[in-house]
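Undergrad: Below are the chains, spelled out letter by letter.
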Amino acid sequence: MADTKMVNLTIEGRKVSVPDGTTILEAAKTAGILIPHYCYHPGLPVAGVCRMCLVEVEKAPKLAPSCATTVAEGQVVSVYSEKSLDARKGVLEMLLINHPLDCPICDQSGECELQDYTYQEGREDSRYREPKRFNPAEDFGGDVIYVPNRCILCTRCVRFMEDVAHEPTLNVSERGDRAVIGKFEGKDLTHPWASNVVDLCPVGALLSKDFLNKARAWELDRTASICPNCTQGCNVTMETRENQLVRMRPRPNENVNAFFMCDWGRLNYRWMNEKNRAEQPMVKRGNALANTSWEAAITAAARSLNGKKVFVAASPMLSNEALFLLTQLMQGGSGAFRVTEGEEAPLPGVKDLALRRERAANVHGAEALGFKKTKDLLGGLQQGDVLVVAGEDLAGIDSSAVSRASEIVVVGSVLPDALAKVSVVLPIANFSEEEGTVTNLRGRVQRFTQARQAPGETRPSWLVLGDLLGALGKQSNFFLPSEVFARLASSNTAFAGLSYDTIGFKGLPLANASPGSGAPVAAGVA
Amino acid sequence: MGYPNLPHQRETTVLSQYFGDAEARTLAGWKKRGGYKALEKALGMAPADIVNVVKESGLRGRGGAGFPTGMKWSFMKPGDGKPHYLCCNADESEPGTFKDRELMRWTPHALVEGCAIGAYAIGAETAYVYIRGEFTEPLHWMEEAVKEAYAAGIIGKNAMGSGKRIDVHVHKGAGAYICGEETALMNSLEGRRGNPRIKPPFPAVSGVFGMPTTINNVETLIAAAPILLNGADWYKKMSLSNPKSTGTKLFSVCGNVQRPGTYEVVMGFPFKEFLYDLCGGPAHGRKFKAVIPGGASVPIQTVEEAEATLMDYEGFVAQGSMLGSGGVIVIDDAQSMVSVIARIARFFAHESCAQCTQCREGTAWTTKIMERIRDGQGTTEDLDTLLDIADQMTGKTICVLSDSCAVPVVSGIKKFRGEFEALIQGRRFHPVVAAVA
Chain A
1 MADTKMVNLT IEGRKVSVPD GTTILEAAKT AGILIPHYCY HPGLPVAGVC RMCLVEVEKA
61 PKLAPSCATT VAEGQVVSVY SEKSLDARKG VLEMLLINHP LDCPICDQSG ECELQDYTYQ
121 EGREDSRYRE PKRFNPAEDF GGDVIYVPNR CILCTRCVRF MEDVAHEPTL NVSERGDRAV
181 IGKFEGKDLT HPWASNVVDL CPVGALLSKD FLNKARAWEL DRTASICPNC TQGCNVTMET
241 RENQLVRMRP RPNENVNAFF MCDWGRLNYR WMNEKNRAEQ PMVKRGNALA NTSWEAAITA
301 AARSLNGKKV FVAASPMLSN EALFLLTQLM QGGSGAFRVT EGEEAPLPGV KDLALRRERA
361 ANVHGAEALG FKKTKDLLGG LQQGDVLVVA GEDLAGIDSS AVSRASEIVV VGSVLPDALA
421 KVSVVLPIAN FSEEEGTVTN LRGRVQRFTQ ARQAPGETRP SWLVLGDLLG ALGKQSNFFL
481 PSEVFARLAS SNTAFAGLSY DTIGFKGLPL ANASPGSGAP VAAGVA
Chain B
527 MGYPNLPHQR ETTVLSQYFG DAEARTLAGW KKRGGYKALE KALGMAPADI VNVVKESGLR
587 GRGGAGFPTG MKWSFMKPGD GKPHYLCCNA DESEPGTFKD RELMRWTPHA LVEGCAIGAY
647 AIGAETAYVY IRGEFTEPLH WMEEAVKEAY AAGIIGKNAM GSGKRIDVHV HKGAGAYICG
707 EETALMNSLE GRRGNPRIKP PFPAVSGVFG MPTTINNVET LIAAAPILLN GADWYKKMSL
767 SNPKSTGTKL FSVCGNVQRP GTYEVVMGFP FKEFLYDLCG GPAHGRKFKA VIPGGASVPI
827 QTVEEAEATL MDYEGFVAQG SMLGSGGVIV IDDAQSMVSV IARIARFFAH ESCAQCTQCR
887 EGTAWTTKIM ERIRDGQGTT EDLDTLLDIA DQMTGKTICV LSDSCAVPVV SGIKKFRGEF
947 EALIQGRRFH PVVAAVA
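Chains as they are written, first to last, in our numbering: chain A, 1 to 526; chain B, 527 to 963.
Calculated directly from the structure, the hints in this document are not laboratory data. One should not assume that every hint holds.
[Said to hold, decoys possible] Cβ-Cβ distance ranges computed for the label pairs, FRET-style:
#1 B:Lys-683 with A:Gly-342: 52 to 62 angstroms
#2 A:Lys-214 with B:His-697: 43 to 53 angstroms
#3 B:Gly-701 with A:Glu-130: 26 to 36 angstroms
#4 A:Ile-105 with B:Gly-921: 52 to 62 angstroms
#5 A:Ser-126 with B:Pro-957: 30 to 40 angstroms
#6 B:Ala-834 with A:Arg-14: 44 to 54 angstroms
#7 A:Asp-125 with B:Gly-701: 32 to 42 angstroms
#8 A:Ser-81 with B:Asn-531: 49 to 59 angstroms
#9 B:Lys-763 with A:Glu-130: 30 to 40 angstroms
#10 A:Asp-125 with B:Ala-700: 34 to 44 angstroms
#11 A:Glu-130 with B:Ala-834: 32 to 42 angstroms
#12 B:Ala-574 with A:Ser-126: 52 to 62 angstroms
#13 A:Pro-131 with B:Pro-769: 50 to 60 angstroms
Beta carbons are placed, not taken as given, at the ideal position from N, Cα and C, and that holds for glycine.
Next up, chain B with everything else stripped away, as it sits in the complex (with noise of 0.2 angstroms):
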């Protein structure tokens, strides 16, 4: 059982060891639980090593792509005579996914540690940690945390006693899912509207304000004080099915299970045993009907699918979809995929930043045609319509927003066109209703 219960057996709580552990937030009680001795042997060490063991520990991003850290870390070129920048994305906004707000919740000296450390792996004095505009709680325990910090020398002009400058900045958004998008997020802490940037240049050649930039993941940068303390061997061990994802993730569950939470599995861990055995499975009387395994912009998986997934970067893209944020959606039978749809289609064409014409456009028209079908006044050429549109939102504009309302659509049609058709041939959606045992 994840968090808010206590942790499940089969769970590997490397990150979450500590969720529910209020003395865990402040600095004596994260000292004692061993905090900060991470940053103090990263500090005793030259940065390209640092950048050498997480390349070595298989370390791949948190926040949805799952790009190699150490790598996109060694873009970083030391003595280019600019000043280099880090960015925590905290910004977790896609929907379903709530890890990172647990993780700074519950363990923010974790957040301060794995920012101190990656700025100094990549030769930054400056991290920046932009958090969502909606998470008031986290950002109060992260700017007590940073103050902290400050107050005992972690971090600022001599870091530890190193003579390195680090200072972390924590910067809250306004409450916008674009500025998730690394670009975006660049743009917003500079203080502009946060729309994406066109890529290339990328951010490690000019980031924010035009400087080499890294943006990594909340869960990303918590990750590398274990590994920094613990070996990239150990972590690289920790993986049950395919070696290019290694370590444990996080895994946030919502919709209808039986136990909705935080769950933290070692790569790999096979999918089936995660929902039923450690969520809890369907409520009583009701089947699993989909999953959207990896936040909203994900395809979504039939339950077969994901029953046959080993929960890793690989497994998911092998039962057609993605590992994405790690937020995952559980539907069961009850519920009309079509009105799923809808309400993600929405949320999208609410979000989008306005830039691109096929998003601006495409988004909105989506959740217009989808919500009409929902509505049952949808027609035989509105689905024809519907993958179309969603053709020309992908892979077009300058971000990924517009992808992200097209995948659900299309692998909704594609896995659920029977739902679609039947209220389009005037059917409503009657669930089951089970009896009550």
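Bound-form chain A, shown alone (with noise of 0.2 angstroms):
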């Protein structure tokens, strides 16, 4: 895109060069100014509906909708003049004559553009006297619930459906002020992307029943995560109130997710919430796992591998540090994974993005780091082979297959079916509760942080693995993940050159990624 022509111009006194073509909102944005806005979505056809970002532009008759004009060589537009924001004033004043401002009751307050803008620049009064137009509320399917007494009809919910989603679902039914967000008839929002028109939605009009009265945006802790729900690796911010995850809401990065997320890894989140944990680091004494310090585990788990073949059934739940310190530990033997499937479910406005097959984090990640994908998990597991189970709960599994091992090693989050022959358990955090990385279906590298406090004595994996490695005399021990992941870089090429730096909170492909993946994927929004 070098021959992109470039179009300098001013907006509020700063100088701006963007490619021929961006609209004056958006290059407002590079200058540092947001215009306020409520129709317009980077990932969503422009409407021009709302009137809210109008802006003068010098020389225009008209003010100037911004996110519908595009740039001219030498224009200077004014965000800030008093036409300018004596228009959006007028907007806002109008967008709330018939709103019923139930801002307390209201899920969307603390985190609603109405609010901010309205604070921002609107009126600190109204000058309405007559009677507030009532519509009641309405089922709209799936995880969604309509107010329409607060919607603004920016119709970005219509435009995801109709645009991103390719499937008609809603539409602004009658007109005048007694237009409102309709089904048509007969349809559901049950298309499996449909919840993205709750984040989408800027007032509270379009709520997630899920959500729905659980907690104020300002409860709300807000960490930089990763969907650990399938292979797609969409970008999500994990939310907390007092440690528990309450929703994951998608975060932007055009080369994975666009803007946007699935129902079903969006609803998945209870399983990080669990409370039946393995919360103790535990050994067996006698016929029984009894409680016991770190010190005491790590050395007892330490002796049960000591000079072993260690066969690792892992999860592919599990970070790319945890992974690769394990394979550290197999001393000559293999490992293995098994991965939930359900069914594909593209998002077709979006290019290679879906929700996929494979139902976990880091199938491309395990995989890449030399375990086997199977469905017979300890298919490879030897007579007399020390198996560590790793994330995993060993449902289903044979127990004549358990049986081959000498001697089970547990580092999960939970307590595995077959407890027979364990002997040390290794409690550690689960993926909400600790940091690493993931390498998603097309070999993109992306970090997730901690959002949530990990229970008992439970550690982080790769803190419990590199201890143990530790006192198996295999290396030092690490005091951060980043470490363990210049380890990985370090030692495996298709790591090589990668590092918590460079890879930063939009993710990096390996060096072998296959192709296609390094393309970005908002330009796909038809």
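Could you fit the two chains together into a complex? Lean on the hints.
TA: In structure tokens:
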């Protein structure tokens, strides 16, 4: 794109140079100016209907909608001139005349663009003296409730279903101030990506049933993470209240998920809150497992593994760091993993974005690190091997297969089903409780960070496994997950050149990543 | 006396001469009256020459905006490799306007001919006539005329044996005022919700189905035929005041006049004589109070302004209004202006497509305040609020429906403030009832 013509203009006195065809609204972003807007969304076609983004362009007779006006050479744009401020104040007043102002009971409160811009630029009072219109709330199907009284008819939801999901479900019904968002006859918001309309809604008109009344926006702690629920690796924000994960929302990444995530991934977070956890290190005393200290447990585990051939049954939910350290434990043995599968569900409006068949975060990373993907998890376990069960619950595994192991060391956040031969349990944090990286199906390595405190005496997987390797005399202990990753990068050519700093929060592809994985996906929006 | 009565002697009936003449509806009758001669002539000309003649004639759009027709046609660049389309805007929905209805009722073949000429001139093979949903009778006659014209080979694969393909399709709207806005019309024609589109791109670049499109009013297209037959000079000479306004114009007159109807006069005709002489003046014992001269969305004129007006594009502007669609609504002293404006506002609130915030909310809010004042519940702040809302509704939206709602409110408050204030101060509107003679 080196030959793209650049256009120079001035926005609020700041010189801006952007590619030809850029809108004033996007150009202003590059100058650090967010022009207030509602109907515009970078992942959707332009509608130009809310009229909130009106700005004054020198020599133009009328105010210009900055979302629908492309830049021109030498243009001088005033975002905060009296005329533009007055127009936006007018729009805000109009948007609020029929709004119920029920912020105290609205889920959107605190993260509402109507609130934000009203505080920023709106009138202090309303001159509206007439009765407000009323329309009852409606179940839109799927996870979505529609509260028409709060709706500002920006049509982001309509456009998402039509132009991104390619399944027209919503429409604007009626005209004038009677207009509401309606559903086409016989349709519900059951498309596997439909819940994105809740994120897209700039006000509290479209709400998630799952999140309804769970928390106020200001009570939430937000953490950058990756959705662990399939191999797509959608970038997400994990939102917690009092250490409980209450919501996952997409975090924009033009290389992976644009602005979206699927309903299945979004709603499948409860397992990370579950309470039936292994919280204490344990060792076998007699015929039973007994709580012990970390030092004793690590020592016991090292004793079990020392000099033995090890077979690792790992979970594809584990980080690259944990899986890498597990490979160091094998001592001539091998490792395998199994993965739950479901139906693939693409989002047609975005290139290469789908809820993937394989429902775990790090299938690709496990394979890149030499773990064998199999349906017969313990097929490679030979008579007399030490079995390390890492993050696996062994659900449904035949006990005769387990009995081939001479001993079992558990590194996990829950206790596995078959406990008879377990000699040590090393409790680790789950996906939401530790930091690390995972590799998505296109070979993109992405960082996730700790969203919750781990329970009891559980420790991060990389720390536990590092200590165990230390106890085996294989290397010194690690203090940070980035150090584990650095070791991985220096010992595995696929990861060469990568580090936590370079990966950042947008991810980077492996050296041998599959073709096409670097292509931006946002442009794929029809 | 315009239709439904016999023409007044001071009318110049070019387009309306066959109003009331049922035979003119049929192909045979139309041909007998000289029909399709203009098309035959046009098909023997180069499209660019037709555009030039129309340009030269000074014909301007009769739908409301008054854009020069020849120039509009010249925006359609030949040889761009894309299909061109002609749309005839027959969605005549402007309150007070019913000239296109009469044109289509009585001279449907004139429109078929006009469409064919226009399509050929802009390099289109397809013309769509988008007819307002409520126009059941005009629709019937238009469909009959198109059927007859196809059967006679006047339009179709080989229009009048010229080797040119010209298809004319009649499309019935579903009864939305906004579909008369050209981009909403295109959306509606494509099967979408009739929402106006953001301009640019303009229809000449990306119109119906994303292709270059010209949209013309019924009256405009029909006027093209006599221009081609009689020449640009003949048309240009029909101008009584400003040379920028040429030809004849149909005015549909309704309201408090003795002889409402559709009149055709030469541009620049004195409005005073039009109202008192042609239309017969006010009812006995009444006086004119105000006139809305170009459909509900143009500024209201006081009777003094109206009486000083020369009826052309510039003449109405000079007297505080606009020619618009030529839908003259006459209001006498028995009417409450507040009531009239409240009713107009309600119309626009009902018809807003609901896209733009100011229009969706502003038209409804305006209506609520206007009706409150009308019902004697107004406050002194209401007038300032109304003017402020009107300001927010002007020049800030995708189309001009919002502006159209603001216009009568602003001009009404400006010119008839006393009536508003009287109602606000608790004095009900009492028209002076004239004694029956």
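Undergrad: Indicate, hint by hint, whether the structure satisfies it.
TA: Here's how the hints hold up against the structure:
Between B:Lys-683 and A:Gly-342, the C-beta spacing of about 56 angstroms keeps the proposed range 52 to 62 angstroms intact. In this structure, A:Lys-214 and B:His-697 meet the distance hint of 43 to 53 angstroms, their C-beta atoms being roughly 51 angstroms apart. Range check, B:Gly-701 to A:Glu-130: Cβ separation about 27 angstroms, and the 26 to 36 angstroms hint holds. At roughly 38 angstroms, the beta-carbon separation of A:Ile-105 and B:Gly-921 lies outside the given 52 to 62 angstroms, and the hint is violated.
Look at A:Ser-126 against B:Pro-957: about 36 angstroms separates their beta carbons, and that is inside 30 to 40 angstroms. Under the hint 44 to 54 angstroms, the C-beta atoms of B:Ala-834 and A:Arg-14, about 52 angstroms apart, fit the expected range. Judged by the Cβ atoms, the range 32 to 42 angstroms given for A:Asp-125 and B:Gly-701 holds: they are separated by roughly 39 angstroms. Between A:Ser-81 and B:Asn-531 the CB atoms are about 56 angstroms apart, so this pair conforms to the stated range of 49 to 59 angstroms.
For B:Lys-763 and A:Glu-130, the hinted distance range of 30 to 40 angstroms is not satisfied, since their beta carbons lie about 54 angstroms from each other. The given range of 34 to 44 angstroms is respected by A:Asp-125 and B:Ala-700, whose C-beta atoms sit roughly 40 angstroms from each other. The beta-carbon spacing between A:Glu-130 and B:Ala-834, approximately 39 angstroms, falls within the hinted interval of 32 to 42 angstroms. One distance hint, 52 to 62 angstroms for the beta-carbon pair B:Ala-574 and A:Ser-126, holds here, with the actual separation near 57 angstroms.
Between A:Pro-131 and B:Pro-769 the beta carbon distance is about 54 angstroms. The supplied range of 50 to 60 angstroms therefore holds.
When held up to the earlier numbered hints, the structure conflicts with 4, 9 and fits the remainder.
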